[in-house]
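Q: Quick note, the sequences are listed as chains A and B, same order.
This note's numbering puts the first residue of the first sequence at 40, with every later residue one more than the last.
This note's numbering puts the first residue of the second sequence at 55, with every later residue one more than the last.
What the hints contain is simulated information worked out from the structure, not anything from laboratory work.
Check the hints yourself; a few may be wrong.
Only pairs whose alpha carbons sit at most 25 Å apart, straight line, appear in this in silico SDA-like list of lysine to any residue [claimed, not checked]:
#: 1; chain 1: A; residue 1: Lys92; chain 2: B; residue 2: Ser179
#: 2; chain 1: B; residue 1: Lys250; chain 2: A; residue 2: Met116
#: 3; chain 1: B; residue 1: Lys261; chain 2: A; residue 2: Met83
#: 4; chain 1: A; residue 1: Lys216; chain 2: B; residue 2: Gly406
#: 5; chain 1: A; residue 1: Lys150; chain 2: B; residue 2: Phe350
#: 6; chain 1: A; residue 1: Lys237; chain 2: A; residue 2: Ser222
#: 7; chain 1: A; residue 1: Lys334; chain 2: B; residue 2: Asp413
#: 8; chain 1: B; residue 1: Lys172; chain 2: B; residue 2: Asp144
#: 9; chain 1: B; residue 1: Lys363; chain 2: B; residue 2: Glu392
#: 10; chain 1: A; residue 1: Lys195; chain 2: A; residue 2: Leu141
#: 11; chain 1: A; residue 1: Lys123; chain 2: B; residue 2: Arg217
#: 12; chain 1: B; residue 1: Lys410; chain 2: A; residue 2: Ala160
#: 13; chain 1: A; residue 1: Lys334; chain 2: B; residue 2: His290
#: 14; chain 1: A; residue 1: Lys72; chain 2: B; residue 2: Pro325
#: 15; chain 1: A; residue 1: Lys101; chain 2: B; residue 2: Ala186
#: 16; chain 1: B; residue 1: Lys195; chain 2: B; residue 2: Lys261
#: 17; chain 1: B; residue 1: Lys261; chain 2: A; residue 2: Asp302
#: 18; chain 1: B; residue 1: Lys220; chain 2: A; residue 2: Ile109
#: 19; chain 1: A; residue 1: Lys337; chain 2: B; residue 2: Lys195
#: 20; chain 1: B; residue 1: Lys295; chain 2: B; residue 2: Lys452
#: 21; chain 1: B; residue 1: Lys261; chain 2: B; residue 2: His107
#: 22; chain 1: B; residue 1: Lys66; chain 2: A; residue 2: Ile41
#: 23; chain 1: A; residue 1: Lys150; chain 2: B; residue 2: Lys331
#: 24; chain 1: B; residue 1: Lys223; chain 2: A; residue 2: Met40
#: 25; chain 1: A; residue 1: Lys293; chain 2: A; residue 2: Thr258
#: 26; chain 1: A; residue 1: Lys334; chain 2: B; residue 2: Glu101
#: 27; chain 1: A; residue 1: Lys123; chain 2: B; residue 2: Val222
#: 28; chain 1: A; residue 1: Lys213; chain 2: B; residue 2: Gly368
#: 29; chain 1: B; residue 1: Lys223; chain 2: A; residue 2: Leu141
#: 30; chain 1: A; residue 1: Lys342; chain 2: B; residue 2: Pro325
#: 31; chain 1: A; residue 1: Lys132; chain 2: B; residue 2: Tyr228
#: 32; chain 1: A; residue 1: Lys335; chain 2: B; residue 2: Glu393
#: 33; chain 1: B; residue 1: Lys250; chain 2: A; residue 2: Asn51
#: 34; chain 1: B; residue 1: Lys253; chain 2: A; residue 2: Leu126
#: 35; chain 1: B; residue 1: Lys161; chain 2: B; residue 2: Asp144
#: 36; chain 1: A; residue 1: Lys334; chain 2: B; residue 2: Lys331
#: 37; chain 1: A; residue 1: Lys72; chain 2: B; residue 2: Glu101
#: 38; chain 1: B; residue 1: Lys363; chain 2: B; residue 2: Asn328
#: 39; chain 1: A; residue 1: Lys293; chain 2: B; residue 2: Glu390
#: 40; chain 1: A; residue 1: Lys342; chain 2: B; residue 2: Leu279
These figures come from a predicted structure and were not determined experimentally.
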Amino acid sequence: MIFSELYSAYYNTVAKIIKEILRGTVDNNSIHKIIQDNAFEESMINILPAIQKEKWQLITRKYKTPIRHIPTMPLTMLQKRWLKAILMDERIKLFDIQIEGLEDVEPLFTKEDYRVYDKYADGDNYEDEEYIKRFRVLLYAVHNQLPVKAEMTNRKGNIVYAKFIPQKIEYSEKDDKFRVLTSSCRYITTINLARLTKCSWYEEPFKIKSVQRERTRATLTIMVKDERNALERTMLHFAHFEKQVEKIDEKNYKVIIRYNSDDQSEMVIRVLSFGPLVEVVEPTDFRELIKNKLKKQKNCGLK
Amino acid sequence: MAYNELIKNFEKIRAYMRDFYIYGFKSRDGYDKKSLRSYDDERRRMESWLGEHMRFVRTPEGKNVFISIDSRSSNHNPFYNALKAKSFTDGDITLHFILFDILYNEKDAYSLTELMNKIDEDYLSCFEEPMAFDESTLRKKLKEYIEEGIIISEKRGKYLLYRRAKDVKIDNIYDVIDFYSEIAPCGVIGSFLHDKEGKHDEVFAFKHHYITSAIDSDVLCSLFLAMQSKSVVTLHNLSRKSTEPRKNRVVPLRIHISVQDGKQYLIAYQPDFNSIKSFRIDYLSNVKIEKPTPRFDELRKMLDNMESKMWGVGCRGCLSREERLEHVEFTIQIEEDEEHIVRRLQREKRIGRVEKIDDYTYRFIADVYETSELIPWIRTFICRIKKLNFSNRTIENKFKQDIEQMYKMYGIEDGGETNDI
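Excised from the complex, chain A in its bound form (with noise of 0.2 Å):
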């Protein structure tokens, strides 16, 4: 099962410290900054007491190790199942990867057992080889920092042509798109990958340095009305956000969502959604974002 001990941060925290008295390195420090950068904050108190007192005997008070190769563990069925399943998954195309070993496996679940019933129908085609030879060249680029060239149809189908230092790719799950975070580039910081008609490295000398760029952070205050079920309803549909929540009396809260200031008409139809059950606060802006909305549909003679 998953909740298992050979799975657990000890275990891969013991490991790497055998592994580190094995090459003859081991010291305090070094012991300490493997517990530290493997396991849990508290998990010095446990692991160096056990150590000291020999209750694991793996590793003597003097830190030697009757273990005599680096420890493995050869993957659990359970590990190899789900590598079997996410093999059978369409994006795995985008991947220039083949896994051997996994033949007679049989996979956790199949598309056949579950189905993402609410993400947009208008997704990336992941069987597009151009789409494929694209991602691919931008992937390579994040790992080695190469700048690149594109060209791209922007919103209103004109091409336009960029270079830049592709930072990371992000995937929303929701959208079903990669998109490319950037630096280097004056006027672009995201394309989404299918807006790409050509993209390859960028071999000229480029003088602008790589600029990790901050997003710009706003702060949304809602009210929750805990009707219909709508508190546990606003926290899950906002759960990914930063946010902090008050309970104002036994029916209202108040939350403070703090999201990426680019996302703020996307964040208007999600408040939107909540209807009378969620009221917004602050910003002054957004609310009359809202207002606006809303005077917008009491013109439309819905009756």
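Fit chain B to the supplied structure of chain A, relying on the hints for placement.
A: Using the frame of chain A, we list chain B on its own:
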């Protein structure tokens, strides 16, 4: 019992994690007095596992502890840490590393007695107070590892020999594991693989990334295993309205996953009621896989047919009754240069169809099991809804009342003008 950051059973902390992450407004006093000690322990564990993501705020009711994570800026789901905190005995960890050291090469195979001798002579003897393992402990551990697929047993003559299972090389697939561990079901398994690989460049980021379902991974995994073997399961379901979980016997048919709020549902057949129903996976626990059922393929086909009438997870219910569908229709108006609104209708509709009435007017039409499931989506078109036509008049009227209430809430008077002052 003394506090330990590792735990034996995940079930108890699952509820606390959900409370701290999803809600995050309960103070210590908001919990049952009898369980305050448990609250303190679970809070401390989460602080240890989640570090910087745990936040505190002082309110008149006391100190509130909550988890706040912007999942767009995290490369990895922090909740996976909780699933790496399983407790073990001193003997478990000692035997684990020694066994895989003895069975280092895939060709090396030893009998139980040979393994016992090697453990005592080659490993434990260097400690001042060596542990003593008996044969039954070692046999039990080997059996457990055979079930996990990491050790293989084979009969050679009259002896049963043990050797390590064949491994699969994953050292060139970092990107694949990083990507799928965040977006595939049971992604925590990818995170376990990630831990084996060591450090490498992280190239992916995730938007609209819901991470809460990580804490339901064990339940989800059992349901997948059941579906793969077309089996019946028993499970405990704690519905929102009850305080005690209820035992159910069902045939799991499919998992429905939302990427707009992160909820996961099991759609299952309940033989006792002859109905197909949805269950929130975060309310399920204690899944036990029973025997395969010959009806699995037939029931799944039935669900396939139902899905063209399901907006979300509202199902047909009892199969003996006649199928009841509700008609949903709404008309919107667009202005010039608002073709993107029509594209929105097309890409966001999950079922049903969109009809063009004229250049500025479009209509969405569908027949569904539950009209109420479409309401949040229809509300996102507020500012352009011209007409509603729901066969469920109660819901249609409620929709209109809600809009009226919103006008009041935002101070929008008749005529569409507003004056806050």
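Q: Could you work out which earlier hints the structure fails to respect and list their numbers in ascending sequence?
A: Going through the list in order, the structure violates hints 3, 9, 10, 13, 14, 16, 19, 26, 30, 35, 36, 39 and 40 and respects the others.
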